[in-house]
Amino acid sequence: MRYAMAVDTRKCVGCNDCVVACQTENDVPVGHCRDWIVEVTTGTYPELQLEIRSERCNHCANAPCVRTCPTEASHYAAGGIVLVEESECIGCKACITSCPYDARFVHPEGYVDKCTFCAHRVEKGQDPACVSVCPTHAMVFGDLDDPNSEISKAMATRKWKSLIPEAGTDPKVFYLL
Amino acid sequence: MNRREFIKIAGVGAGSLAFATPLFDFSKGEVLAPDVHPGMYSKRTPTYCEICFWKCAGWVHTNDKGKIWKITGNDDDPHSNGRLCPRGTGGVGMYTDEDRLKTPLIRTGERGKQVFREASWDEAFTYIADSLKKIAEEHGPECTALFTHGSGGHYFGNLLKAYGSNNIAAPSYAQCRGPREVGFIATYGEGVQSPERVDIRDTRCLVLIGSHFGENMHNGPVQEIAQATAKGASIITVDPRFSTIASKSKFWLPIKPATDMALLLAWMHVIIYEDLYDEAYIEKYAYGFEDLKAHVAQMTPEWAYGITTIKPDVIRETAREMANASPRVIIHPGRHVTWYGDDSQRLRAVAMLNALLGSWGRRGGFYNPAKVAFKQYPHPPFPKPDRSWKDAFPGKYKLAGLALASGICDATVPTTERDCSFKAWIVNGTNLIHTLPNQANTLKAIDALDLMVVVDTMPMEITGYADVVLPECTYLERYDDIRVSPHREPTIALRMPAAEPKYNTKPAWWIAKGIADKMGLGHYFPYKDMEEKLDWELKQLGTSLDEMKRIGVKKFKREEDDLYPLQNLDDFEFYTNTGKIELFSTAMEDEGYDPLPKYTAHEEPPYGYYRLIYGRAPMHTFSRTANNPLLSDLMDENSVWVNPKIAKEWDLKNDQYVWLENQDGVVSKTPIKVRVTERIRFDSVYMVHGFGHTNKKLSRASGRGASDADLITRVHIDPVMGGTGMRGNFVTFRFEAGKEVAS
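First to last, the sequence lines map onto chains A and B.
Here the first sequence stands for residues 0 to 176, numbered as in numbering that gives the first Met the number 0.
Here the second sequence stands for residues 0 to 742, numbered as in numbering that gives the first Met the number 0.
One should not assume that every hint holds.
Taking lysine-lysine and the DSBU-like style, the derived pairs with C-alpha atoms no more than 30 Å apart in a straight line are [said to hold, decoys possible]:
(1) B:Lys538 / B:Lys527
(2) B:Lys370 / B:Lys383
(3) B:Lys374 / B:Lys395
(4) B:Lys517 / B:Lys553
(5) A:Lys10 / B:Lys672
(6) B:Lys112 / B:Lys505
(7) B:Lys249 / A:Lys160
(8) B:Lys230 / B:Lys505
(9) B:Lys383 / A:Lys10
(10) A:Lys10 / B:Lys66
(11) A:Lys10 / B:Lys738
(12) A:Lys123 / B:Lys548
(13) B:Lys132 / B:Lys112
(14) A:Lys152 / B:Lys548
(15) B:Lys64 / A:Lys10
(16) B:Lys64 / B:Lys443
(17) A:Lys10 / B:Lys230
(18) B:Lys443 / B:Lys66
(19) B:Lys505 / B:Lys556
(20) A:Lys123 / A:Lys10
(21) B:Lys556 / B:Lys597
(22) A:Lys158 / B:Lys249
(23) B:Lys64 / A:Lys123
(24) B:Lys230 / A:Lys160
(25) B:Lys738 / B:Lys66
(26) B:Lys672 / A:Lys123
(27) B:Lys132 / B:Lys538
(28) B:Lys230 / A:Lys158
(29) A:Lys158 / A:Lys92
(30) B:Lys553 / A:Lys123
(31) A:Lys152 / B:Lys112
Everything labelled a hint here was simulated from the structure, so no lab data went into it.
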């Protein structure tokens, strides 16, 4: 089982619903977020392109955060989801420095926090909160090992990219183009 | 992944609560199986959203401590299809906002200075009732007006009617969508309504003129645009700004602002003279086709090019794109359409273009909405007022279908000609200082009032001018009227409290009923509480409050199978004078207005000034959400979009703060951050509406960003219906604050 997420940049309007839904679902303190929106404009007026992405922890298969964590608080859980065991976290921030995606932050309670792919929902067969609220259905979540999963089909039929592939982290969040 | 891990992730000590007995009241809402985190129970209660007026139905989830946890969409609701927008999801922040109004207040200081003393509800009601009685005796009850935007309007409206006035205005008419209704009614005999009757789901071509869905997060259309484009529909976006939706469009027409009418006329020219129109449809339903054909004979794409800056081949190509999709094409009427003062006529042109393409009453065009016949809880008939707001404007705005908020405001400023100006305002859920253009005029009107009552959840700028401030609880803490909405299928939705009202706040219905009781008008509110009223009303529809608490939304069958009444050229009589679709409007002609829309050149920005264009951000609604802790966390200030060429001329850098000064020398009260971007024309600047609050009681919003409303001092009034055109203001950059210090 390899969990992954695909964000359709053609559908995403950058409304931030995914961000608020994550904050309420996971009680993320105001001022912090586990996912966020990036808008990239290219070209000059009037020949312009705009790419909008909902970004988060990439749940890398070769995760620098897991490698650098001195206490093994950062670890791979079922399906390749990268999690932080907060009781083991000493707040050294090595993972924050090593993450090329800037996906982690220090929770006011002292441990490092980030996207969990809503593991508590996924375990019950639900989509992560961000996916479940998206008004344009721009995100799909599922198992890459299942060829019939929605995400496998999307990846097979659409052009896609991942972020900073040159970092060699084998990210599991993809962007459909 | 084991269970221990995600108990930890929950980070709320869920483990210790693991098997606690749920403590909630089972009579309210539905208790679900463990849903939050293992061992935590949650309860869900139905609601419909109040953050904007799309009114999506959803569920409020509370945890076992009764704390509101999250809000999600109701799958059965055609407004939300189970998915709320960021504002709906962030509605929790409206409830948790610690800056909320907390108790009734009576003003003790100068108007606008926000100096009040706390009062009891009884004291506040007595104050209001005594003042209203005095005004009725001295000037007549008609001199009292209600401004409302939201669910409370119904109860305060009934209070006003019981008292003897029907001057009930919503800024959503004259400041927003009024011209659209007038333009469509003049053409089809019916308006566009809300939610708009556009069949985006099944369209093949969607034309958006200034509409910026995606940034405007009206949920239904945003969802349906994603569905339609996934099925291959094309979008044509006309906007001086490269909006989010422009970036997803097949064609982006970066039109010179204020010239849309020329483009619409040229499109009609191409469609008529290239024989692209729906001949059978026009033959059967339309009146005045030959008049229109002659009218647009000279309005070629070459003519329009010189006005709009859109190249003739692009005008032709886009006209053909629409015609190829006909009748599954929508030239979208938009919503906030009060731009240049000839807006009813522009929206007439939009309606006519749709008619030429045969999209009205057809699949993929405009559907025929249905709603249930809803019977209100009975009350005695209201007295008939002797005067209405229209009497203040003899011979003007003849096609206005609803009261004009701006008209009432104007009629409050005393003049020698009028025997009675307005003496009292009740303002519910609308921050008139930011909502109405021309603030100086609004303040002059307020100054002439004997009484102003503001009912709101938040301390806004308008509350500072009130004599009495009444704190309303949020929509998450109250019952409201059943949402009865027109859609493809009729539905109703219930809003019920998910938590007790915080602080000393109360629902609008309770407030209106309380004032009525004090004034001896209690018999117009003959129910004990909302549960009694709603249950009676729901039973008339064959359901009940108990059932609605469980399901939240109920769908009904359409009475007739007429979703697309013109699909097969069926016989149809339109509610116009001729019974036809009026390309030539007899109603306009009868009232002395142009029966066919004409292009009028609008004023252009003076040298060194740029047209001020404003719009929406997906996470905010007007000025009402700026302090919401969840939503302000996403966007806590607006910026002014400046084309790089202009930025270079002025030596403006990204993130630099500037003040904006308009053509009348009015300077923004607060500075605004510069955003240098290719996404805006060189002759315009753009900002998101709703920022630049000056009320210091808004701890997150005060002083953040700037208010476009401050700068809209010049208003172009639509002579047909009194709409306030607000896009005729021009601004330049200043590097220091204006003389007037922000209050």
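Tested hints:
Annotation: proposed proximity of lysine 538 of chain B to lysine 527 of chain B holds, straight-line Cα distance about 17 Å (limit 30 Å). Restraint check: the Cα-Cα separation between lysine 370 of chain B and lysine 383 of chain B comes to about 28 Å, which is no more than 30 Å; the hinted pair holds. At most 30 Å may separate the alpha-carbon atoms for a hinted pair to count; lysine 374 of chain B and lysine 395 of chain B exceed this at roughly 35 Å. Of the pairs offered as hints, the one joining lysine 517 of chain B and lysine 553 of chain B is violated, with about 37 Å between alpha carbons and a cut-off of 30 Å exceeded.
Of the supplied pair hints, the one linking lysine 10 of chain A and lysine 672 of chain B holds, its CA atoms being roughly 29 Å apart against a limit of 30 Å. Simply put, lysine 112 of chain B and lysine 505 of chain B have alpha-carbon atoms about 25 Å apart, close enough for the 30 Å limit, and the pair holds. For the hint linking lysine 249 of chain B to lysine 160 of chain A, the alpha-carbon distance of about 23 Å falls within 30 Å, and the restraint holds. Restraint check for lysine 230 of chain B and lysine 505 of chain B: the C-alpha separation of about 47 Å exceeds 30 Å, so the hint is violated.
Proposed proximity of lysine 383 of chain B and lysine 10 of chain A is contradicted: the alpha carbons are some 52 Å apart, above 30 Å. For the given pair, lysine 10 of chain A sits about 34 Å from lysine 66 of chain B by alpha-carbon distance, which is inconsistent with the 30 Å threshold. Distance check on the hinted pair: lysine 10 of chain A and lysine 738 of chain B sit about 46 Å apart at the alpha-carbon level, beyond 30 Å; violated. The suggested pairing of lysine 123 of chain A with lysine 548 of chain B holds, with an alpha-carbon distance near 26 Å, which does not exceed 30 Å.
Taken as a hint, the lysine 132 of chain B and lysine 112 of chain B pair is honoured in the structure, with Cα atoms around 27 Å apart against an allowance of 30 Å. Between lysine 152 of chain A and lysine 548 of chain B the alpha-carbon distance is near 39 Å, which puts this suggested pair outside the 30 Å criterion. The suggested pairing of lysine 64 of chain B with lysine 10 of chain A is violated, with an alpha-carbon distance near 38 Å, which exceeds 30 Å. At roughly 49 Å between alpha-carbon atoms, lysine 64 of chain B and lysine 443 of chain B are farther apart than 30 Å, so this suggested pair is violated.
Distance restraint check for lysine 10 of chain A and lysine 230 of chain B: the Cα-Cα separation of roughly 12 Å lies within the 30 Å cut-off, and the hinted pair is therefore satisfied. As the CA atoms of lysine 443 of chain B and lysine 66 of chain B are separated by approximately 44 Å, the hinted pair breaks the 30 Å bound. Of the supplied pair hints, the one linking lysine 505 of chain B and lysine 556 of chain B is violated, its CA atoms being roughly 36 Å apart against a limit of 30 Å. Proximity of lysine 123 of chain A to lysine 10 of chain A is assessed by CA-CA distance (about 27 Å); at most 30 Å being required, the pair is judged to hold.
A threshold of 30 Å between alpha carbons decides the hint, and for lysine 556 of chain B with lysine 597 of chain B the separation of about 43 Å lies outside it, so the pair is violated. For a cut-off of 30 Å, the pair hint linking lysine 158 of chain A to lysine 249 of chain B stands: about 19 Å separates their Cα positions. Annotation: proposed proximity of lysine 64 of chain B to lysine 123 of chain A holds, straight-line Cα distance about 23 Å (limit 30 Å). Note on lysine 230 of chain B and lysine 160 of chain A: the hinted pairing holds, with a Cα-Cα distance of about 23 Å set against a maximum of 30 Å.
A C-alpha spacing of about 47 Å is found between lysine 738 of chain B and lysine 66 of chain B, which places the hinted pair above 30 Å, so the restraint is violated. Taken as a hint, the lysine 672 of chain B and lysine 123 of chain A pair is broken in the structure, with Cα atoms around 45 Å apart against an allowance of 30 Å. As the CA atoms of lysine 132 of chain B and lysine 538 of chain B are separated by approximately 37 Å, the hinted pair breaks the 30 Å bound. For a cut-off of 30 Å, the pair hint linking lysine 230 of chain B to lysine 158 of chain A stands: about 17 Å separates their Cα positions.
Of the supplied pair hints, the one linking lysine 158 of chain A and lysine 92 of chain A is violated, its CA atoms being roughly 35 Å apart against a limit of 30 Å. Under the criterion of a C-alpha separation no larger than 30 Å, the hint pairing lysine 553 of chain B with lysine 123 of chain A is consistent with the structure, at around 28 Å. For the hint linking lysine 152 of chain A to lysine 112 of chain B, the alpha-carbon distance of about 61 Å lies beyond 30 Å, and the restraint is violated.
Figure legend: structure checked against the earlier numbered hints; hints not met, in rising order: 3, 4, 8, 9, 10, 11, 14, 15, 16, 18, 19, 21, 25, 26, 27, 29 and 31.
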